[in-house]
Amino acid sequence: MPMIRVQSEPFSLGDEAEAFAKGRTDTGAVVTFTGIVRDTGGMARMEIEHYPGMTEKAISGIVDQAMDRWSLDDALVIHRYGSLAPGERIMMVATASRHRVAAFEAAEFLMDYLKSRAPFWKKEFGPDGAEWVAAKDEDEDALSRW
Amino acid sequence: MPMIRVQSEPFSLGDEAEAFAKGRTDTGAVVTFTGIVRDTGGMARMEIEHYPGMTEKAISGIVDQAMDRWSLDDALVIHRYGSLAPGERIMMVATASRHRVAAFEAAEFLMDYLKSRAPFWKKEFGPDGAEWVAAKDEDEDALSRW
Amino acid sequence: MLDVMYFAWVRERIGEPRETVATEAATVADLVEELKAREPRYEAAFADLSALRVALDQELSDFDAPLAGVREVAFFPPMTGG
Amino acid sequence: MLDVMYFAWVRERIGEPRETVATEAATVADLVEELKAREPRYEAAFADLSALRVALDQELSDFDAPLAGVREVAFFPPMTGG
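Protein chains in written order, with my numbering: chain A, 1 to 146; chain B, 1001 to 1146; chain C, 2001 to 2082; chain D, 3001 to 3082.
Any given hint might turn out to be false.
Said to hold, decoys possible - Once the Cα atoms are required to be at most 30 Å apart in a straight line, the calculated DSBU-like pairs of lysine-lysine come out as:
#1 A:Lys136 / A:Lys57
#2 A:Lys136 / B:Lys1123
#3 A:Lys136 / C:Lys2036
#4 B:Lys1022 / A:Lys136
#5 A:Lys22 / A:Lys57
Keep in mind the hints are simulated off the structure, nothing from the lab.
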């Protein structure tokens, strides 16, 4: 059963990856992606806003699509909101599949859709004040490959 | 500095992933791939043979290419040899990059090349005896995309 | 009565995260026109609809969509998750 | 003198993982012919060269490659790592 967690608390990549991969004998491939807050131009912190209710619904729809399309054994999405400092982990996805190509593709699909279709918004607090991160055309374009 | 380990001992995906991602503030994306021994048709165990010396050299060449081509912040390859039971982890790769597309592509590149260009050979011990795993045409074909 | 929600810089321009709006607007675009006519802060928030997204009852939708049966409308900029 | 190594089912057919071979063979293909002429187990191992790979001094090479200066030759089936 895929698991989705939207939380303000930090998570442990190690513990999550280990727990996700544990006890699998039918899965040949586990892929994880972890997003980390980059220290861009002396940014002090980042604030992530989300839309409670819709967030879980949107992620759940994206995960269901991935499970189905790649016949995944399992999937995991963790996404934080609130205040994050450089170096902190924003989010992670994990996919488990019989074969490596499916595990990779499904993880990339999840990331592409989470970027542009899950209701999160990032605001960066730097030396020149606060600024909302603008969506990139390339992130929207990335959806067209699926 | 990329790290390469060829070992018979098990490794902890959790510990390795956590250590790999730790302390990064310039990396935005960490991807890991973990290969797990699948329980195909009642296989009791798998035996992995390798070519000491050439193995490290071949992996190191593949990793250098990936570091260079995707300007990675870091990379990790762990590959086991010897006897492995279903559910055990055969190998893992990890890539760290500023952006997610590079981290994904580099990890897939590493996997494709490790499959067909690193001197490992798998033998499966099942209910009908032992059999060397045959290389798949699709694995060789996968190299042409890079 | 509609629950109307705002996120990110839309919320900041409007000055509040949600409000209840009494409206007979037939579509999202009609609702936007009504809001813009109210106060300058709505005009500022809705100046460029191409920079905005809308969700109806927590599903992404568009500005032509009808509001019949809808209970929750949310306006926000393109999402930047991941 | 060449160190010749065998891996996977090539090793099993030859019956040993490595041996030292005294040879004047100019190319890998010549070496293979010399070995096949020795004993049936070499013939069995080298029956279908398209199913084999060769490494010279731990670098993948091919059967046309010259052996001049080479110290270590390894024969094995296509690799199945990962």
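Tested hints:
For the hint pairing Lys136 (chain A) with Lys57 (chain A), the CA-to-CA distance comes to about 23 Å; that is within 30 Å, so the pair holds. Distance restraint check for Lys136 (chain A) and Lys1123 (chain B): the Cα-Cα separation of roughly 47 Å exceeds the 30 Å cut-off, and the hinted pair is therefore not satisfied. Taken as a hint, the Lys136 (chain A) and Lys2036 (chain C) pair is honoured in the structure, with Cα atoms around 27 Å apart against an allowance of 30 Å. For the hint linking Lys1022 (chain B) to Lys136 (chain A), the alpha-carbon distance of about 27 Å falls within 30 Å, and the restraint holds.
Of the supplied pair hints, the one linking Lys22 (chain A) and Lys57 (chain A) holds, its CA atoms being roughly 27 Å apart against a limit of 30 Å.
Checked against the numbered hints above, the structure breaks only hint 2 and satisfies the rest.
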